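A.B. asks: What follows is each chain in one-letter form.
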Amino acid sequence: MDTIFFLILRRMRTPLLTLIVAYAVAMAGMAIIPAQDADGNPTTTSFFHAFYFVSYMSTTIGFGELPNPFTDAQRIWVSASVFVTVAVWIYAIGNLIALLQDATLQRAIAERRFRRRVESLTHPFYLVCGYGQTGSALVRGLTDRHLQAVVIDIDPERISLLQLDNQREFVPALCADARSPDALEAAGLKHARCRGVVALTNVNEANLKVAIAAKLLNPDSKVICRADSHEIEANMASFGTDHIYDPFDAFALYIAIAIQAPCQTLLVDWLSGFTGDTISEPHYPPHQGRWVICGYGRFGKAMYKHLKQQGLDLVVIEAEPHKTGIPAEGVVHGRGTEAVTLEEAEIRRAVGLVAGTDHDADNLSIVMTALQLNPDLFVIARENRLQNKELFDGVGAQAIMNPSTIIARRIRVRLVTPLLADFSNLARFQDEAWASTLVARIIALVEERMPYVWEVNIDQEHAFALHDAEDRGLRVTLDTLLRDPRDRDRYLHAIPLLLLQNGERILLPDLDERVEVGDRLLFCGREDARRRMDWVLQNIHALRYVAIGESQREGAVWRWIAGWQGPR
Amino acid sequence: MNPEKVVFGFFIVLALTLNFGFFVGELDNPNHHHAWELFVVIVVNMIATVLKFGDRTQMGAVLLATSLVAMIQLIAASLVWTFAVYASDGGLTNSVMASIVSLSGGAMIANVVSVTLLVIETVMLRR
Chain A
1 MDTIFFLILR RMRTPLLTLI VAYAVAMAGM AIIPAQDADG NPTTTSFFHA FYFVSYMSTT
61 IGFGELPNPF TDAQRIWVSA SVFVTVAVWI YAIGNLIALL QDATLQRAIA ERRFRRRVES
121 LTHPFYLVCG YGQTGSALVR GLTDRHLQAV VIDIDPERIS LLQLDNQREF VPALCADARS
181 PDALEAAGLK HARCRGVVAL TNVNEANLKV AIAAKLLNPD SKVICRADSH EIEANMASFG
241 TDHIYDPFDA FALYIAIAIQ APCQTLLVDW LSGFTGDTIS EPHYPPHQGR WVICGYGRFG
301 KAMYKHLKQQ GLDLVVIEAE PHKTGIPAEG VVHGRGTEAV TLEEAEIRRA VGLVAGTDHD
361 ADNLSIVMTA LQLNPDLFVI ARENRLQNKE LFDGVGAQAI MNPSTIIARR IRVRLVTPLL
421 ADFSNLARFQ DEAWASTLVA RIIALVEERM PYVWEVNIDQ EHAFALHDAE DRGLRVTLDT
481 LLRDPRDRDR YLHAIPLLLL QNGERILLPD LDERVEVGDR LLFCGREDAR RRMDWVLQNI
541 HALRYVAIGE SQREGAVWRW IAGWQGPR
Chain B
1 MNPEKVVFGF FIVLALTLNF GFFVGELDNP NHHHAWELFV VIVVNMIATV LKFGDRTQMG
61 AVLLATSLVA MIQLIAASLV WTFAVYASDG GLTNSVMASI VSLSGGAMIA NVVSVTLLVI
121 ETVMLRR
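First to last, the sequence lines map onto chains A and B. Taking UniProt numbering, the leading residue of the first sequence gets 1, the next gets one more, and so forth. Taking UniProt numbering, the leading residue of the second sequence gets 1, the next gets one more, and so forth.
Read the hints as simulated data drawn from the structure, not as lab findings. Computed from a predicted model, the values in this text were never measured in an experiment. Don't be surprised by glycine CBs; every beta carbon is placed ideally from N, CA and C. Any given hint could turn out to be false.
[To be verified] Taking beta-carbon pairs under 7 Å as the criterion, some of the chain B residues facing chain A (in silico):
| id | residue |
| --- | --- |
| 1 | A35 |
| 2 | F39 |
| 3 | V43 |
| 4 | M46 |
| 5 | I47 |
| 6 | V50 |
| 7 | F53 |
| 8 | G54 |
| 9 | R56 |
| 10 | T82 |
[Said to hold, decoys possible] Here are the computed distance ranges between Cβ atoms for each label pair:
| id | chain 1 | residue 1 | chain 2 | residue 2 | range |
| --- | --- | --- | --- | --- | --- |
| 11 | A | F170 | B | A76 | 38 to 46 Å |
| 12 | A | T59 | B | I72 | 19 to 27 Å |
| 13 | A | D39 | B | V119 | 51 to 59 Å |
[Unchecked claim] Covered by chain B, per the in silico footprint, the following chain A stretches (three or more residues, Cβ under 8 Å):
| id | segment |
| --- | --- |
| 14 | 6 to 12 |
| 15 | 16 to 24 |
| 16 | 27 to 36 |
| 17 | 43 to 50 |
One chain only, chain A, in its complex shape (with noise of 0.2 Å):
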């Protein structure tokens, strides 16, 4: 048990003591002194008229003089004892209720049903540490996905946010700092069922922290951290940190393929979208000209690395270069917030500008400033709180960089649909015209809304009337799968994007390709699309139906009647 307990028990003592001996010193006076009963004989209060009296007097709700009217003598001990006990009464509630409400305890209770409600889920779940942007976005990406969450954060209003959110799973959560190993376990680090850490809060220190717990006490979890920096980076891939997300890498990456490949990166923002958004319109980002890069911090190194790879001219704006420190081809000095610096960096000539800074007011000046100098420019904005998203969709961005949606994708992705992942590293080496003739199919697919991208698994448990389907004489290709089983000559609205067979990895794999167990398939398309695939996965009859296309009488009975039947 906690300290806590005790020590609230301990501060009990004394209002608990004073009331007990205020009532008992008053019902003592009460039968100590002579009483008249209705027809003035004397007689004495018993005991048990004395502690009824007591008890209403101190909490002065006041009856009456019961059982009989009081002697004179009675009166005079009445109206002493009326004081000290209604005034221990009131110090005695007042204690004890102000010990319940103690902060303390009031979070050790918390913690404790916190520890209850982990311990007693039954299901896979993942250890969320942070619930900011990132947290927010992620464990709603989860919960869509029926997966569930328990979530730490060190921040009391985000806790309190996160029971106002709308989830569709329970989410336990706690507000404790993440550090501190014992929160973690309370939050289900050692659980049987604890599948993985994400380590998202936004002091990189802590992410640290969080990654080496659970690398210690858990070394079978997968960590997925996000670190801001290179060396708290190769500090945690160095003890065998799963996945880490630098936002900013990240996102400098995804512009360097979005220069290269838009079509590409089209397909795969789509395919990794919330179902149900609108879908989003292609970026053609220049890939020839001149780039100006304001801010040289973290993002304006990446962003720096990754189009200077690209083969474009770079120029780098920054106000403090002694800080942090200076590319090969030199800064211009100042915030690019005014015209002169943006001038100075030929903005006219400029194809892109990237406001880099850490400051989003400032960000904002740029954009704004630049286009009025060059309404042309392609332009990629960092977002550094999502409350200013309505300013950021208004300045007139092409690109706008928020370092939690991206890594919240990124992560959500690897942990619902970890297929999504190899398709994408596969679909990098693809060329624009295989995209863009994907992307066609998806759109005449869904219309206007992102696709529902799913997994299936050929096992018993998610697969039950394919698993032993070879036994009973039938052939199942992906074709069988997407047939609709209420009528087999309309096929499901949805693609298959990965087979993973025997652990080769087929991308947009034929219609005609066995589905045998033990293979890992990934589709896109509509959600209705998966629950009649559902369907047809688990249940026989719907199966043989889309697979010969008719449905055989199972059971005992039927097919004696059915034997019986064929020879007439």
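Add chain B to chain A, keeping to what the hints say.
C.D. replies: Using the frame of chain A, we list chain B on its own:
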């Protein structure tokens, strides 16, 4: 000397001695068992129970448990008494008195255990 220990020991022993005082006498004779004695036993036992609150040790937990047992027995005894006198037609008969006194006897055993534990703890401390 720890004044807290003195008060603690005082009330625990007092609870036992008063309890014994109420208990002795013919089991079913109301004249041998006075209401005042029971009242004082309950008050002192309550104080002893509250004094045992918030002790982290194993010994503290067991002491608290014995006190709670004594409290339950004594409160049951006082309730039986109250019901017999005010809520039943029979009044305080010999058989009712016998059950009141035997309930307080149970409480006394709990108090004996309490005192024994206290003595054991003290002896252990000496070593």
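A.B. asks: Does each hint hold? Answer for all of them.
C.D. replies: A quick look at each hint next to the structure:
With a cut of 7 Å, the hint placing B/A35 at the interface with chain A holds, because the nearest CB-to-CB distance is about 6 Å. Against a cut-off of 7 Å between C-beta atoms, the interface hint on B/F39 holds, since the closest Cβ of chain A lies about 5 Å away. Against a cut-off of 7 Å between C-beta atoms, the interface hint on B/V43 holds, since the closest Cβ of chain A lies about 4 Å away. For B/M46, the suggested interface contact is upheld, since its CB lies about 5 Å from the closest CB of chain A, less than 7 Å.
Evaluation of the B/I47 hint against chain A yields a held restraint, the C-beta minimum of about 6 Å falling below 7 Å. Proximity of B/V50 to chain A holds as hinted, the smallest CB-CB distance being about 5 Å (cut-off 7 Å). At about 4 Å, the closest approach between the beta carbon of B/F53 and any beta carbon in chain A falls short of 7 Å, and the interface hint on this residue holds. The beta carbon of B/G54 is positioned within 7 Å of a beta carbon in chain A (closest approach about 3 Å), and the interface hint is therefore held.
Because the beta carbon of B/R56 sits about 5 Å from the nearest beta carbon in chain A, less than 7 Å, this interface hint is met. For the restraint placing B/T82 at the interface with chain A, the shortest Cβ-Cβ distance is roughly 5 Å, inside the 7 Å limit, so the hint holds. For the hinted restraint 38 to 46 Å between A/F170 and B/A76, the CB-CB distance of approximately 43 Å keeps it satisfied. For A/T59 paired with B/I72, a C-beta distance near 24 Å keeps the hint of 19 to 27 Å intact.
Hint check: A/D39 to B/V119, Cβ distance near 54 Å, so the stated range 51 to 59 Å holds. Only residues whose beta carbon comes within less than 8 Å of a beta carbon in chain B count, and the segment 6 to 12 of chain A has 7; three or more means the coverage holds. Counting residues of the segment 16 to 24 of chain A whose beta carbon lies closer than 8 Å to any beta carbon of chain B gives 5, which meets the minimum of three for the stated coverage. Only residues whose beta carbon comes within less than 8 Å of a beta carbon in chain B count, and the segment 27 to 36 of chain A has 3; three or more means the coverage holds.
Figure legend: the segment 43 to 50 of chain A, annotated as covered by chain B; annotation consistent (3 residues with Cβ-Cβ distances under 8 Å, at least 3 required).
No hint from the list above goes unmet by this structure.
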